[in-house]
Amino acid sequence: MISQIFGAIMLIYLLVAILFLMAELWSSSRLKGLARIMLWLGLGMHTGALLGRWWESYRLALGHSPGAAWADKLQLIIIQVPLSNFYESLIFFAWCLPALGLLAFRRYLQGYLGALVALLSTLLLAYASLGGVDSNIKPLMPALKSNWLLIHVMTAFLGYAAFALAFGTAILYLLQERRPRPSLPPLPLLDSLIYRTTVLGFLLLTLGIATGAVWAETAWGRYWSWDPKETWSLITWFIYAALLHARHLKGWHGRRIAWLAVLGFMAVLFTYFGVSFLLTGLHSYLT
Amino acid sequence: MPATPIHSKPKSWLWGTLTSIRLTVFLLLILAAVAVIGTVVPQNQPLNQYVRRFGEVWGELLWRGGFTRVYFSLWFLGPISLLAVNILACVVHGLPRAVKRALKPLTVEAALTLPERGRVTWPAGVDPQPLVSATLSRELGHCRQETFQDQEIYFLERGRCRPVGPYLIHVALLLILAGGLIGKFWGVDGRLAIDQGEAAGAFQVGPRVEKPLNFQVRLDKFQVSFYEPGGSPKEFRSDLTFIKDGREISRATCRVNAPVSFGGLTFYQSSYGSQATGPVRLRVQQGDLSQTVELPYRRPVDLAGGEGKVWLMQVDGNHQGYGPAVLIAFQAGSDHPMAFWIFQNRPGLAKSPYHPGLVKQPGVYSFTVESIPFGYFSVFQVKRDPGVGWVYAGFLLFLPGLYLAFFRPVERWALVLAQTPQGKWQGRLLGASPRRREEFAARQERLLMELQRGIPS
Ligand code: HEM
Chain A
26 MISQIFGAIM
36 LIYLLVAILF
46 LMAELWSSSR
56 LKGLARIMLW
66 LGLGMHTGAL
76 LGRWWESYRL
86 ALGHSPGAAW
96 ADKLQLIIIQ
106 VPLSNFYESL
116 IFFAWCLPAL
126 GLLAFRRYLQ
136 GYLGALVALL
146 STLLLAYASL
156 GGVDSNIKPL
166 MPALKSNWLL
176 IHVMTAFLGY
186 AAFALAFGTA
196 ILYLLQERRP
206 RPSLPPLPLL
216 DSLIYRTTVL
226 GFLLLTLGIA
236 TGAVWAETAW
246 GRYWSWDPKE
256 TWSLITWFIY
266 AALLHARHLK
276 GWHGRRIAWL
286 AVLGFMAVLF
296 TYFGVSFLLT
306 GLHSYLT
Chain B
15 MPATPIHSKP
25 KSWLWGTLTS
35 IRLTVFLLLI
45 LAAVAVIGTV
55 VPQNQPLNQY
65 VRRFGEVWGE
75 LLWRGGFTRV
85 YFSLWFLGPI
95 SLLAVNILAC
105 VVHGLPRAVK
115 RALKPLTVEA
125 ALTLPERGRV
135 TWPAGVDPQP
145 LVSATLSREL
155 GHCRQETFQD
165 QEIYFLERGR
175 CRPVGPYLIH
185 VALLLILAGG
195 LIGKFWGVDG
205 RLAIDQGEAA
215 GAFQVGPRVE
225 KPLNFQVRLD
235 KFQVSFYEPG
245 GSPKEFRSDL
255 TFIKDGREIS
265 RATCRVNAPV
275 SFGGLTFYQS
285 SYGSQATGPV
295 RLRVQQGDLS
305 QTVELPYRRP
315 VDLAGGEGKV
325 WLMQVDGNHQ
335 GYGPAVLIAF
345 QAGSDHPMAF
355 WIFQNRPGLA
365 KSPYHPGLVK
375 QPGVYSFTVE
385 SIPFGYFSVF
395 QVKRDPGVGW
405 VYAGFLLFLP
415 GLYLAFFRPV
425 ERWALVLAQT
435 PQGKWQGRLL
445 GASPRRREEF
455 AARQERLLME
465 LQRGIPS
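Residue numbers (the working numbering), protein chains in the order written: chain A, 26 to 312; chain B, 15 to 471.
Here chain A stands alone, though its shape is the one from the complex (with noise of 0.2 Å):
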């Protein structure tokens, strides 16, 4: 049931995009009005639409350990996060995007750079919805049993998600510096809004790694242990480090970084789908 409302929010930020980019075209602030609260509703339905799931497979926990008491209930809700399988985490994926976007873009999410932003995440859900993607709530395993899950997962996806947003953003850069126009907004800007975006992945991302390392610990007594997507996600923060030394002591600026942006993104899907299916180690859950 939840997995059909996921299939109707991916239509919603297809129009969204659609609307954006008619928007642009015809220089129209009313279909723009339209898209953003388009953008809005589906953002809206999509969080509603996490929160039930979560409800759900909270739900379906407590038929597993009736009989609860109050904190156990609390760490059931924390530990049933719906961010446990390959399915969960591509939909939080996509309601990072436009989520991040507002924050990170505020008023300059809209024309071109909006339309990206739902786009990408109607690709995210097209492909948990229609890719074959096993879509079942499952009982968790007991390595995932964690109050680290939670934050460990949130931080890590909102950082990819920051970092798709400055790819994004990178590429109309690239665009833009080819052949300039008049729709596609202005190179500092562009330029200002991959830092941005960058500056807010590589907080996130560091979160990201230190709680999986505390997680790791705490499970494992090993807070590091040189597993496939650890190395990667370490290989992707040191590229983001690589950015931000450029700009800051070298003064990279422009093209240069748009590339960097790039680069770091390939390693972010490296990271998140490259490991999983390619490599195998501790997080082969995912698959």
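Watch out, some of these pointers could steer you wrong.
In the PhoX-like style, the derived pairs of lysine-lysine whose C-alpha atoms are separated by at most 25 Å in a straight line are [stated by the list, open to error]:
1) A/Lys163 / B/Lys248
2) B/Lys323 / B/Lys258
3) B/Lys225 / B/Lys198
4) B/Lys235 / B/Lys198
5) B/Lys225 / B/Lys258
6) A/Lys275 / B/Lys25
7) B/Lys248 / B/Lys235
8) A/Lys275 / B/Lys248
9) A/Lys98 / A/Lys163
10) A/Lys98 / B/Lys248
11) B/Lys374 / B/Lys323
12) B/Lys235 / B/Lys225
Hints were generated in silico from the structure; no laboratory data involved.
Once you have looked at the hints, place chain B with the ligand on chain A.
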């Protein structure tokens, strides 16, 4: 923005190199490359695995070159040590200046050298000071005010501590690396397997290397539970008792994600198993003929009727949530042996097509279990790591470091009010924010607009 030179004084080549960001990038690239190798080549496997996978020459080369334990090889430890030196040099080089900078408040003299951003002139007879002080405190926050050379100067500075931020980040990195080293040299890391009901007084720290405990741990009970039969595991749970000098000191339950500490060591539930503690008794039926066989562990037993022989391969106290079960291998004549599970409490499973695992019984016999004497054993990771505190301290230091570095942009403002010879007040807005031009420009525009309010144009 012009590149900020981090070296201003001439200095030795060595120090110049050690504090250079170029070295950092170079080292990070090497580390990334080595790490990529580490994720592509499976780590810590025996030599023959590599030979099988990569062939004689490459397998041997990877093995000898240290690429099969790459994070503990010179390929990795070398660059990462150098990176630590690099970061340390940067901290030594830049931290004192950053601290000095953070301790020095903005002075009137310094404020007056800020670049000018706009002017406002009020009509004669209007005293703009109430408006100015209200506007500034609304838009910027609390400003200091001083009179200097007949001018009224309002000024403020934000993010004075920002320069310290990056150094907190770098010190945090050093703490984490130090924690790793401390753990490596002063930590203990081993494995402990205990049979249910038994007590252990030593644990394994390497292949055939034991380390004594100065107490004993007893595994009172091990339990594994499943969400539902045939479902996924719900919990692994070991009930432990710690014994010192023959006295029971404490009891604790060790679960995944809930380790137990005693005597300076921490025990983590890592894996488990069960083993036969005596021969398993099977009932074997062949038509109307029925016999009972006793199977010792891993020794072939011929079945009466001579149609084949069986071995006991494995016992499991709770196989996939269906209760006790045994894994049996059956061989008829010189056929290929076949393995299948028999569930003690669920004989019907053997006929049902809907269940996981291999349960199809081969040959002319049908098997049921009479008794499975078994005992669980539980395996723990045993550890003491004095470096963890350092690593966590590093994580905590990241937070103020990241906050200062990225969310406290330096911003300096000054509004200089002076009276013209005609008695009009004129205000000059000065300010700078090297990192946030966008926000700065927006704020500047709004400030000038607000200050001009009420001036008839
Ligand atoms: C993996 C290693 C490193 C990481 C993750 C790291 C991280 C950071 C971060 C997050 C910042 C703040 C960036 C900003 O202000 O935009 C920073 C700034 C800086 N880093 Fe690093 N850093 C590393 C290694 C180094 C090394 C080895 C050096 C010395 C060559 C260095 C020199 C600096 C300097 C001089 C700044 C800028 C200070 C300022 O803005 O006033 N970093 N670093």
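Now the hints, each set against the structure:
1. Taking the CA atoms of A/Lys163 and B/Lys248, the gap is about 11 Å. The hint holds against a cut of 25 Å.
2. Taking the CA atoms of B/Lys323 and B/Lys258, the gap is about 49 Å. The hint is violated against a cut of 25 Å.
3. For the given pair, B/Lys225 sits about 17 Å from B/Lys198 by alpha-carbon distance, which is consistent with the 25 Å threshold.
4. Restraint check for B/Lys235 and B/Lys198: the C-alpha separation of about 33 Å exceeds 25 Å, so the hint is violated.
5. Our distance criterion of 25 Å between C-alpha atoms is met by B/Lys225 and B/Lys258, whose separation comes to about 17 Å.
6. With a C-alpha separation of about 20 Å, the suggested pairing of A/Lys275 with B/Lys25 holds against the 25 Å cut-off.
7. Our distance criterion of 25 Å between C-alpha atoms is met by B/Lys248 and B/Lys235, whose separation comes to about 17 Å.
8. Of the pairs offered as hints, the one joining A/Lys275 and B/Lys248 is violated, with about 53 Å between alpha carbons and a cut-off of 25 Å exceeded.
9. Pair hint A/Lys98 plus A/Lys163 holds up; C-alpha atoms about 18 Å apart against a cutoff of 25 Å.
10. Distance hint between A/Lys98 and B/Lys248 is fulfilled; the C-alpha atoms sit about 16 Å from each other, no more than 25 Å.
11. Taking the CA atoms of B/Lys374 and B/Lys323, the gap is about 16 Å. The hint holds against a cut of 25 Å.
12. Simply put, B/Lys235 and B/Lys225 have alpha-carbon atoms about 24 Å apart, close enough for the 25 Å limit, and the pair holds.
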